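Novice: These protein sequence lines map, in sequence, to chains S and H.
One point on numbering: in numbering that gives the first Met the number 0, the residue at position 362 of the first sequence is 361, and numbering is uninterrupted.
One point on numbering: in numbering that gives the first Met the number 0, the residue at position 10 of the second sequence is 9, and numbering is uninterrupted.
It should be emphasised that the hints constitute simulated quantities derived from the structure, not laboratory data.
In this text the structure is predicted, and so the values were computed from the model without any measurement.
Treat the hints loosely; a few may be bogus.
Unchecked claim - Facing chain H, according to a computed beta carbon distance under 7 Å, are these residues of chain S, among others: (1) 193; (2) 233; (3) 234; (4) 312; (5) 321.
All C-beta atoms in this analysis are idealised placements derived from N, C-alpha and C, irrespective of residue type, glycine included.
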Amino acid sequence: MRRSGRPSPRGRRPQQDMGTPDSLGMTPLGRKTAETGINFTSTTRFSRGLTFIRTHTLFGQSPARRIIPQTSLLQENADPQKIAFLLRKQWTLYSVTPMYKFSYGNLKEYSRLLSAFVAAEKQKGLAVEVGNDLGIKVTLSALLGLKGTDQDQAAILVQIASRSQLPVENAEDRVVWSGWFCCVSGDDFLENVPEDFTCLSLFLANGAESYTTIVGTWFQKTFDCCFSRLTISPLNLAWMAAMWTGCEVDSHMAATELVFSVPCLPQTLDISYAIHPEDAKALWDTVQKTPGEVTQEEVNLFMDCLYSHFHRHFKIHLSATRLVKVSTSIASAHCDGTIKILHSKHLIGVLMLLTELAISQIQ
Amino acid sequence: MSLVRPFDKLPTLNSAALLLVGTDEKQQQQLAEAILKEKKTFKINIHVATSLPLPAERDHIRPRIDLIAFLINIQSKYSLRNVEASLPHVDANFFLGKVCFLITGVGRMNHCSVEMNAVRKLGNLYCSPVIFCELDSEGIRVATAQRLVRMLQICAGHVPGISALFFSSLMKNSIDE
Chain S
0 MRRSGRPSPR GRRPQQDMGT PDSLGMTPLG RKTAETGINF TSTTRFSRGL TFIRTHTLFG
60 QSPARRIIPQ TSLLQENADP QKIAFLLRKQ WTLYSVTPMY KFSYGNLKEY SRLLSAFVAA
120 EKQKGLAVEV GNDLGIKVTL SALLGLKGTD QDQAAILVQI ASRSQLPVEN AEDRVVWSGW
180 FCCVSGDDFL ENVPEDFTCL SLFLANGAES YTTIVGTWFQ KTFDCCFSRL TISPLNLAWM
240 AAMWTGCEVD SHMAATELVF SVPCLPQTLD ISYAIHPEDA KALWDTVQKT PGEVTQEEVN
300 LFMDCLYSHF HRHFKIHLSA TRLVKVSTSI ASAHCDGTIK ILHSKHLIGV LMLLTELAIS
360 QIQ
Chain H
0 MSLVRPFDKL PTLNSAALLL VGTDEKQQQQ LAEAILKEKK TFKINIHVAT SLPLPAERDH
60 IRPRIDLIAF LINIQSKYSL RNVEASLPHV DANFFLGKVC FLITGVGRMN HCSVEMNAVR
120 KLGNLYCSPV IFCELDSEGI RVATAQRLVR MLQICAGHVP GISALFFSSL MKNSIDE
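When you get a sec, could you build the whole thing from the sequences and use the hints?
Specialist: Next up, the structure:
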């Protein structure tokens with residue numbers, strides 16, 4: 000089905016047969032031997048076993064350009080209260096392979112099964128008192144309105160709430176853990192997915208790590224999917240910094256802050272570089288040529304400008320360090336795979352980017 | 000004037016010289032030690048530099064350079080910029096097989112700051128092989144050292160019948176055609 004990424008083939012091939020002294024540096028492509036003369040242009044077609052469906056996401060690459068949709072608003076049927084619940088929280092990111100035989104009609108059934116599973120896992124190793132109700136309630140619900148295109152699957156919200164121990168009536172359940180699956184504009188990348196599979200490639204979790212593992216295990220066992228932590232490379236963080244600085248924010252703009260980690264010292268040094276949001280936006284506006292589209296060169300230019308400004312003042316080459324965290328008015332992301340989204344207006348845009356990263360990780 | 004030229008000096012008998020250019024000195028040391036540990040039939044001189052041009056004062060005692068390996072650390076954009084700034088100081092005749100790009104740090108792709116397209120374009124532009132390796136891993140370091148020794152042997156002309164010009168013909172990628 001999907002193959003894991005491979006390093007670029009170009010670099011490896013010339014050196015394949017150089018090990019033995021007798022070999023004449025032959026590869027399957029250059030089949031001429033030294034005796035028959037020098038051949039500079041080889042016209043043999045080398046058929047490779049692997050064909051890459053999306054050439055722009057070969058291992059380690061990022062696309063040359065990304066489109067920022069201008070009208071990426073939430074769909075009309077979004078529940079503002081639920082959406083507000085998603086904002087301003089720190090979410091840990093996971094990428095999920097397509098789930099087998101997941102049905103939106105059975106959400107109540109899944110809630111029941113998952114509750115039982117969570118209760119059982121929590122009680123493992125504890126002396127069980129008969130009749131002691133741990134008071135864990137799990138609900139699965141659909142999150143409407145988080146779709147980029149109509150082919151996207153609806154998002155699912157999973158919440159673990161502990162039942163209130165107070166004897167008072169209408170005591171509210173306290174939510175101890177939340178997680179949600181979504182996939183925004185993933186259909187460009189997920190062609191040829193067979194039926195019976197539901198693609199909800201991005202999973203965001205907030206709460207205790209133990210609950211995340213339990214829920215993840217249940218989903219993996221029930222739907223034969225695979226969860227893996229989504230890390231964000233410095234290259235993608237630079238994209239985020241550039242794209243999010245360029246977004247229009249009506250209310251109060253927070254400073255754009257970049258955190259770099261210097262690798263070589265015995266204790267790693269963290270450098271935090273904060274830029275006034277209007278200055279950062281002004282710089283990005285001079286760099287970006289086509290509104291609605293961001294290219295790799297523009298991102299590089301933006302980051303180089305920031306680096307050279309820093310170098311002029313502090314004589315430190317930030318390009319030799321590693322970018323670990325980006326915070327803008329829209330959202331903040333850390334390379335370990337955590338994100339915090341601050342504005343509902345740009346929620347879809349951020350999710351679209353994260354979905355793309357999740358899908359490229361599972362491919 | 001301050002160019003590194005391939006043929007302006009006479010070769011020394013049964014020896015070859017390799018020039019490693021890169022910002023990470025520790026990696027260069029590791030690679031140089033791995034190369035010197037290899038079994039070989041000729042003497043190897045390894046010269047190490049952080050950037051070109053090489054200082055002109057010691058030029059007369061420097062041997063003829065047979066192979067230049069530019070080290071680019073994929074976790075540091077600065078190393079790519081440094082290599083790009085050093086390339087104009089290399090004479091054009093070197094790019095007939097006597098230059099190669101060594102991309103290090105590919106073992107941890109989630110720390111990469113250099114995009115693969117840029118690296119590939121560099122290899123295309125300068126018609127030189129691009130070798131990916133991870134010098135922190137012992138096995139790959141030894142394998143890379145072996146490859147470099149072999150390339151150096153060919154570039155210095157120690158292998159009869161093959162010259163460095165062959166490297167360009169081995170680099171064609173049929174996917175792009």
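Novice: Give a verdict on every hint.
Specialist: Against the structure, the hints come out as follows:
no.	hint	verdict
1	193	violated, 27 Å
2	233	holds, 4 Å
3	234	holds, 6 Å
4	312	violated, 17 Å
5	321	holds, 6 Å
Hints 1 and 4 from the list above are not met by this structure, while the remaining hints are.
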